[in-house]
Amino acid sequence: MIQFSERKEQNDRLEEQIFFWKQEYQKPEMSKEQYHRLLARMEEAKKDKKKEQRKRQMTKYVAAAAVFLAAFIVVPNTSAKAAEAMGRLPVIGRLVEAVTFRNYTYESDRNMADIKVPKLQLGEQAGGQSAADKGQADGDGQQKLQSTTKEINAEIQKITDELVAEFEANLAYEGGYQDVVVDSEVLATAQDYFTLKLSCYQGAGSGYAWNYFYTINLHTGERLKLADLFQEGADYITPISDNIKKQMKEQMEADENITYWLDNEIEEWNFKKISEDVSFYLNEKGNVVICYNEGDVAPMYMGTVEFEIPAEAVNSIRK
Amino acid sequence: MGIFSGKKKGSNQALVEQVILENYQRYYRLAYGYVHHADDASDIVQNGAYKALKNCQSLKQPEYAATWVYRIMLNECFTCLRQPKHLSYEAVQEGNGAERGGREDHYMDVDLQRALDALDDKDRAIVMLKYFEDKKLEEIAQILDENLSTVKSRLYRCMKKLRGMLSEEDKNRIFSRQKQIIE
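As you go down the protein sequences, you meet chains A and H in turn. Just so we're aligned, residue 0 is where the first sequence starts under numbering that gives the first Met the number 0, counting upward by one. Just so we're aligned, residue 0 is where the second sequence starts under numbering that gives the first Met the number 0, counting upward by one.
Zero decoy hints are in this set.
Label-pair ranges, simulated between beta-carbon atoms:
no., chain 1, residue 1, chain 2, residue 2, range
1, A, Lys245, H, Asn146, 55 to 65 Å
2, A, Lys50, H, Tyr63, 22 to 32 Å
3, H, Leu80, A, Lys31, 23 to 33 Å
4, A, Ile257, H, Tyr155, 51 to 61 Å
5, A, Lys26, H, Asn146, 29 to 39 Å
6, H, Ile180, A, Ala39, 52 to 62 Å
7, A, Asp108, H, Arg81, 29 to 39 Å
8, A, Arg36, H, Asp120, 22 to 32 Å
9, H, Ala117, A, Ser30, 20 to 30 Å
10, H, Ile173, A, Ala39, 47 to 57 Å
In short, the hints are calculated from the structure, not lab data. Where a beta carbon is used, it is the ideal one built from N, C-alpha and C, also for glycine.
Could you put together the complete structure from these sequences and hints?
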């Protein structure tokens, strides 16, 4: 009996003690400062996670992008001459070449920019007589070529300036993360054409990649429009659009991971036809390649997509 | 399908983030119960939060997000305890001497820290979650990845141990009082 009551007493005492322990237990609280450190660490986790994802994505978007991560230079390269010397690209177009005009790189904990601004310039052969002698471009064409490259350079400048301005504006916003990558390449194209592809990637939260294509007809010195490739008044929109739809269907049937917006329940997302000012270039075979940015005709994860239109689809109306 | 799995990943992150922000004080108290030190406890919560967010895509069942984060936090506590830099109870007592001295009167006979330190890692989690955070035994079993019956028997063992500590303390007190009277 004594033992039992003693035991009961002990139980009560333990309960009582736990009540006090609980109050004691609940006292420690994170300080404001510790809380802010926690928030910062959480942001870091999200950023690192994104960085890993981005590393995987990057190979998709810009082949050489992984290398950029190693850069710690914060000096925008303003010396055009030096940039030219470093960034001289192999000359593919005989008359026009692309050089790196300006580099803008920035890397900090939260911000990363690698913006390579290309500039088109006339190749040495295009410097007047020699080109004319070869019949590449006559005097008018030469002048036209000059004004066209100037125009394209101005457009590229505007695009990249805006991206840099946006990037710098975002630097002030301390809570955010951002990445901006701009690179360019001269595409292998049909003879007598020159195409520069400008690829842009902007990441903040989720990333977005898009491209610009600038194609010059080296004969006329003019910028090539899709309509220029076809006979006057011919309907090129329908055969090209139909061919793209066919390719989309085939690709989706062959691979379940591929999705295009074709029979989507959200009707307005569905691809119906190409627009007159759709991005395109001519590949080495001389075939038209239609290009879409992320999210234009497919879910974002599909990236930027291209459709090569086989010659036979448009042969009857090509010039 | 791809687009949906992409969305799911994003919501996992938001969910884990929300769980952390709702419960960080709880994790902090839990960590404090292990390390009895503000900076260490804060580090544990930070590291746990980092790991949880970074690896949130490995959380397969979103409904277990809260349990999952708790488990990560506990593992962080265990890791911290196993690090050589972790100080013994006595060393911490010494280091916190002045600070703790002022709070001594809040304790009853056995102070919380001593009681908790008498229990092994997992037992301590069971006691803290059950009695101080009012968690259900089922939930505790999930957090610790143990059978419910294991958790129950561990809890029983803990109670016995704590009870033993209390009666030991009582004996000492009676003894010292007698000693005072004799003197």
